[in-house]
Structures are given as structure tokens and as C-alpha cells.
Amino acid sequence: MTRFNALLLALLAVAVPLSLLAGRVWIDPFDPQLPNAAVIFIELRLPRAVLALVLGAGLGTAGAAMQGYLRNPLADPGLFGIAPGAALGAVLSFWTGWAASGWALPLFALIGAGGAMALLGLIAGRGGGVLLFTLAGMMIASLAGALMSLAISLSPTPFAMSEIVTWLMGALADRGWAEVWIAAPLTALGLAVLGLAGRSLDALSLGDLAARSLGVDPRRLQALMIAGIGLTVGASVAVAGIIGFVGLMVPHFVRPHTDGRPSALIVPSALAGALLLLVADCLCRVLPLQGELRLGIALSLLGAPFFLALLLRLKRELA
Amino acid sequence: MLQAQGLTLGRRIIGIDAALAPGQVTAICGPNGAGKSTLLASLAALLPVDAGRALLDGQDLARLPPRQRAQAIGYLPQSAELAWDVSVATLAGLGRLPWSTSAADNAAAVDAALAALQLDALRGRPVSQLSGGERARALLARVLAGQPRWLLADEPLANLDLAHQLALLAHFRRLAGQGLGVVLVMHDLAQAMNHADRVLVLREGRLAEDGPPETALRAEAISANWGVAARWLGDVGSRALAVG
Chain A
0 MTRFNALLLA
10 LLAVAVPLSL
20 LAGRVWIDPF
30 DPQLPNAAVI
40 FIELRLPRAV
50 LALVLGAGLG
60 TAGAAMQGYL
70 RNPLADPGLF
80 GIAPGAALGA
90 VLSFWTGWAA
100 SGWALPLFAL
110 IGAGGAMALL
120 GLIAGRGGGV
130 LLFTLAGMMI
140 ASLAGALMSL
150 AISLSPTPFA
160 MSEIVTWLMG
170 ALADRGWAEV
180 WIAAPLTALG
190 LAVLGLAGRS
200 LDALSLGDLA
210 ARSLGVDPRR
220 LQALMIAGIG
230 LTVGASVAVA
240 GIIGFVGLMV
250 PHFVRPHTDG
260 RPSALIVPSA
270 LAGALLLLVA
280 DCLCRVLPLQ
290 GELRLGIALS
300 LLGAPFFLAL
310 LLRLKRELA
Chain B
0 MLQAQGLTLG
10 RRIIGIDAAL
20 APGQVTAICG
30 PNGAGKSTLL
40 ASLAALLPVD
50 AGRALLDGQD
60 LARLPPRQRA
70 QAIGYLPQSA
80 ELAWDVSVAT
90 LAGLGRLPWS
100 TSAADNAAAV
110 DAALAALQLD
120 ALRGRPVSQL
130 SGGERARALL
140 ARVLAGQPRW
150 LLADEPLANL
160 DLAHQLALLA
170 HFRRLAGQGL
180 GVVLVMHDLA
190 QAMNHADRVL
200 VLREGRLAED
210 GPPETALRAE
220 AISANWGVAA
230 RWLGDVGSRA
240 LAVG
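Taken in sequence, the protein lines are chains A and B.
Position one of the first sequence corresponds to residue 0 (numbering that gives the first Met the number 0), numbered consecutively onward.
Position one of the second sequence corresponds to residue 0 (numbering that gives the first Met the number 0), numbered consecutively onward.
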């Protein structure tokens with residue numbers, strides 16, 4: 000294990016117990032008299048912390064893999080259109096009213112993610128070219144976005160519209176063990192798939208033709224990327240709505256502490272993604288606002304200036 | 000033996016037949032757009048050809064498992080593309096990707112490749128901080144670290160000054176002396192004349208000349224294929240091309 004991974008694990012070891020104590024109601028571990036402390040701890044804080052770790056690990060790794068695949072430090076998993084596809088599925092569950100029955104929302108979202116993955120594979124075709132793949136992803140994202148807007152504008156009731164808009168902002172509030180059981184196995188599978196793509200992503204650093212000459216099968220790599228990004232991002236959107244910028248920011252924090260190969264980013268990106276989402280969610284809980292700040296909004300507020308700083312740095316480097 | 004049998008890809012290369020021997024430096028020459036890079040990539044089975052096949056020791060390369068093919072043939076593309084700013088040693092280590100060997104074996108292969116190209120002192124330096132000549136050697140070290148039996152390089156001398164060109168050509172000659180098959184796409188006809196054992200000349204996708212450099216690059220062949228009146232000066236091994 001590298002020293003950086005050990006540091007991230009140590010930070011997680013500190014952050015996880017702290018996150019279980021933090022919230023509107025702070026739990027004092029030395030005061031056993033706090034009413035309902037066990038319920039708050041086991042039914043609210045613990046599943047929320049586990050979910051933050053799972054989704055953060057998935058989104059961080061998806062971002063690292065995505066930047067490796069597109070050979071672009073500005074790439075984000077959202078580019079593949081899978082997150083908007085999943086969000087469209089979730090919106091339709093609100094629209095039809097099925098979201099009220101517990102499992103329908105994540106199921107619809109996963110179907111949306113699966114549909115986007117299938118469409119991506121179909122359009123990108125058998126060639127395995129990255130450019131066509133990216134354009135197909137952008138088209139799907141645009142189509143899913145337009146259909147979501149249509150669904151919102153045609154909402155059957157103002158309540159449904161409000162539900163949709165609130166849900167799309169992304170949050171871990173009110174999530175429990177049911178969401179953990181949905182997201183954890185799918186994310187774990189996605190992480191394993193992205194781990195398999197590591198060597199091919201390293202070879203791709205040298206360009207398409209050199210990667211082929213090193214034994215990379217571009218179609219296999221494309222299939223691994225669709226499956227890996229689809230599972231991690233699809234699972235995240237299915238249980239928490241859209242949480243952006245994690246996949247963009249995390250690989251940047253991590254890259255200087257590795258040797259730069261995309262495969263070397265996978266494990267630390269999972270750890271750093273988990274840490275980022277856990278800490279961000281804690282801050283959302285404890286900030287003294289009238290209502291709880293939505294996690295998706297908080298990360299966008301953090302991510303947009305980060306993205307701008309990144310652009311300015313790249314501009315300086317290119318000048 | 001690396002063989003092209005009727006290799007055809009669109010109008011870029013048409014019915015190319017050639018059998019290349021290991022232990023030699025073979026140059027592929029021709030005017031712009033003649034199909035040199037396409038032929039090189041097709042010889043490595045990296046492009047889906049319309050007809051024909053590339054054979055390595057009698058085996059169809061397109062049917063070999065990709066990693067097995069990659070272990071046998073090292074390919075250096077024309078573009079010196081590198082998406083991430085890795086160190087020289089990490090770059091060379093990418094050449095080990097087709098192999099499932101131990102970390103110690105991989106490190107030994109990388110060390111040998113860096114030593115062969117006098118890059119030991121630069122092993123920890125980021126590629127972005129290298130000069131053009133150092134970068135070209137580092138990219139070649141990546142291919143050599145894969146310990147291929149054949150080295151196919153697309154314009155490896157492009158953008159290098161004369162001293163670095165000669166140093167790299169000396170490396171290629173040394174590798175051929177060790178039994179590697181070396182195939183180079185070259186634009187500089189004098190370098191091909193002086194440093195290749197055999198020259199393939201392409202024109203409009205077809206094989207126009209194939210033979211030792213003195214024959215394939217004779218003045219009439221240059222006139223016919225490049226449309227330039229030229230004559231060779233000097234002695235064998237240090238020829239210079241005078242144009243006009």
C-alpha cells in the first residue's frame with residue numbers, strides 16, 4: 000500500500016466516527032442518557048455514513064476512469080449521459096406516482112441508467128472509438144435532459160413537480176439501510192469492472208494505435224467503461240439523485256500523489272471520493288441553516304470554482 | 000519472418016506483398032500520402048484491412064490473441080502522444096503491459112531498456128521536462144521494455160536534429176545486430192540509403208520498389224516515385240542526395 004493510500008485510510012478512520020456523532024443533534028459518546036441515541040446512531044447516521052462512503056468511492060473511481068479513458072483531466076462521468084439517463088428514470092417514477100412505493104424510484108433510475116448504457120453501446124458501435132463514444136454520451140445527456148424538462152413541465156400536480164426538483168438536487172438526507180443495500184452491491188461490482196480496465200487505460204495514455212499495439216482490445220475496454228461507469232453512477236443517482244463534481248475533483252486531488260498512470264488513480268480515488276462525500280455530507284448536516292443544505296448543491300458550489308481554477312491553470316499551461 | 004500478403008486497405012495500400020527478415024533494418028519510404036504509415040500499422044495488424052493478411056513466422060497476426068501479438072511486435076507511433084505527465088521510468092514501464100511477469104522481471108526489463116538508451120540518469124524526470132531527443136529515446140525505451148522480436152517505428156527521426164537522428168539510427172542498427180527485426184518509416188532518403196539494409200518504396204498505395212537501398216533508391220526510382228531529379232554523391236555508407 001502506498002503512503003498516500005494509508006493516509007487516506009487514516010483520515011477515513013477519523014472521519015467515519017466523527018460523522019456518526021455530527022448532526023443537528025450531536026451525540027456525546029460519554030453521555031449515555033441522550034434519548035433515542037441508539038436509534039439516531041444505527042438507523043440514521045450509520046446508513047448515511049455508509050452510503051456516503053459507497054457513493055463517494057464509486058463516483059471518485061468513475062471520474063478517474065473517465066479521465067483516463069478520454070485522456071482529458073476535465074472529463075466527468077456525467078459526460079457519458081448515464082447520470083441524466085438514471086435521473087430521467089427517477090423523474091418518470093415521480094411523474095407516474097410510483098415513486099411513493101419504496102423500490103420503484105431506484106428501480107426506475109437503474110432502468111434509466113441501463114437504457115442510457117445500452118443506447119451508448121448501440122450508437123458507439125463496434126469500432127470502440129473514443130470520439131464517437133463521447134459524442135454519443137453528450138447526445139444522450141442532452142436528450143435525457145430535454146425529456147426531464149418535458150416531464151417537469153407536464154407534471155400532473157405541483158406536488159410532483161416540487162418532489163422532482165427537490166430530488167434532482169441530490170442528497171443523502173433520509174436515506175437508510177434499504178438504499179445502502181441497493182447501492183453497495185452495484186457500486187462494488189462497478190468498482191471491480193473499472194479495476195479490470197486499469198491496464199488498458201494505462202496503455203491508452205499513449206494514444207489509440209499505441210494502445211492497440213500493447214494488446215488493448217478497444218471494444219472490450221469500451222464495454223468495461225460502459226458497465227463500470229453505468230453501475231457506479233447509476234447506483235449513485237438511483238439512491239441519492241444527481242451529485243456532480245466528485246468525479247471531476249477527486250482525481251485532481253489524487254493525481255499528484257501517484258505516478259500518473261490512470262490505473263494508479265483507481266484505489267486512491269475511491270478512498271478520496273469516499274472521504275470527500277462523507278465530509279461534505281457532514282458539513283451539510285451541521286451548517287446552521289434553516290433547512291439542511293442539499294449535498295448536490297453543496298458540491299456544485301464547491302465544484303464550479305474548482306472547475307474554473309482548473310481551466311485557468313490549463314490556460315496558463317497552454318499559453 | 001514478418002510477411003505482408005496482399006495487404007489492402009481502401010485506396011491507402013493496395014495488394015502489398017513483402018517478406019521481411021529479422022536482424023535487418025528495413026526502411027519504408029515514399030512521397031506523402033503513399034501509404035507508409037498505413038502499411039506499417041497493417042504489418043502490426045493494428046488496422047482492420049480489407050484484404051490480405053500479415054503473418055509472423057507463418058501465423059496470421061490478426062488471429063493471434065492481442066497480448067501475444069503485442070509481446071512479439073513493438074510499435075512506435077508517429078505521434079509522440081502522452082496524455083499524462085509521467086516519469087521516464089513509468090513511461091518505459093508501460094511497455095510491460097502485454098506481459099504478466101513479476102514486478103522484478105518488469106523492473107529488470109525497464110532498467111535494461113533505459114540503460115540501452117542512456118536514460119538511467121533521467122529515469123525519475125517527468126517526460127514534460129525532457130528535450131525532444133530525450134523524449135524520442137524515452138518513447139523508444141517504452142517499446143524496448145516490452146522486449147519485442149520486431150520493432151516497427153513510424154517516422155522515429157521526425158523533429159530530431161542530425162546528431163539525435165544518428166544516435167537513434169545507431170540504436171536501431173544495434174538492435175538489428177541483436178536479432179530484432181527493425182522496420183522504420185523514413186522520409187529522409189539519405190538516412191534510408193545509408194542506414195537501411197532494405198528499402199520498400201510506396202507510391203499511391205502500391206509497392207513501387209523493393210530491394211537493397213542502392214537499387215530501390217537509385218536516381219531513376221527517385222525521379223519516378225517522387226518526381227524529383229536527383230543524384231547520389233559520396234561513397235556507400237555516407238551517401239548524400241543532390242537535387243536538381
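What the hints contain is simulated information worked out from the structure, not anything from laboratory work.
Careful: at least some of the hints might be erroneous.
[Said to hold, decoys possible] Here are the computed distance ranges between Cβ atoms for each label pair:
1) A:R312 to B:A102: 33 to 39 angstroms
2) B:G22 to A:A5: 36 to 42 angstroms
3) A:H256 to B:T100: 22 to 28 angstroms
4) B:G123 to A:I151: 50 to 56 angstroms
5) B:M0 to A:A145: 56 to 62 angstroms
6) A:A308 to B:R10: 30 to 36 angstroms
7) B:T100 to A:A12: 48 to 54 angstroms
8) B:S237 to A:L307: 38 to 44 angstroms
9) B:G123 to A:L121: 41 to 47 angstroms
[What the hints assert, rightly or not] Chain A is nowhere near these chain B residues, computed Cβ spacing over 10 angstroms in every case:
10) D84
11) R134
12) R230
Computed from a prediction, not measured in an experiment: that's the story for all the values here.
We treat Cβ as the ideally placed atom computed from N, Cα and C, and that holds for glycine.
The hints, checked one at a time:
Distance hint for A:R312 and B:A102: a CB-CB separation of about 34 angstroms, consistent with the stated range 33 to 39 angstroms. Separation of B:G22 from A:A5 is about 50 angstroms and departs from the stated range, judged on CB atoms against 36 to 42 angstroms. A hinted range of 22 to 28 angstroms for the beta carbons of A:H256 and B:T100 is consistent with their spacing of about 27 angstroms. Take B:G123 and A:I151: their Cβ atoms lie about 54 angstroms apart, and the range 50 to 56 angstroms holds.
Between B:M0 and A:A145 the CB atoms are about 58 angstroms apart, so this pair conforms to the stated range of 56 to 62 angstroms. For A:A308 paired with B:R10, a C-beta distance near 48 angstroms fails the hint of 30 to 36 angstroms. Distance hint for B:T100 and A:A12: a CB-CB separation of about 35 angstroms, inconsistent with the stated range 48 to 54 angstroms. Separation of B:S237 from A:L307 is about 58 angstroms and departs from the stated range, judged on CB atoms against 38 to 44 angstroms.
A C-beta distance of roughly 45 angstroms is found between B:G123 and A:L121, which places it inside the suggested range of 41 to 47 angstroms. The claim that B:D84 lies off the interface is violated: its Cβ sits roughly 6 angstroms from the closest Cβ of chain A, which falls inside the 10 angstroms cut-off. At roughly 13 angstroms, the least C-beta separation between B:R134 and chain A is larger than 10 angstroms, which holds for a residue marked as non-interface. Every Cβ of chain A is farther than 10 angstroms from the Cβ of B:R230; the closest lies at roughly 37 angstroms, confirming the non-interface assignment.
Hints 2, 6, 7, 8 and 10, counting from the list given before, are not met by this structure.
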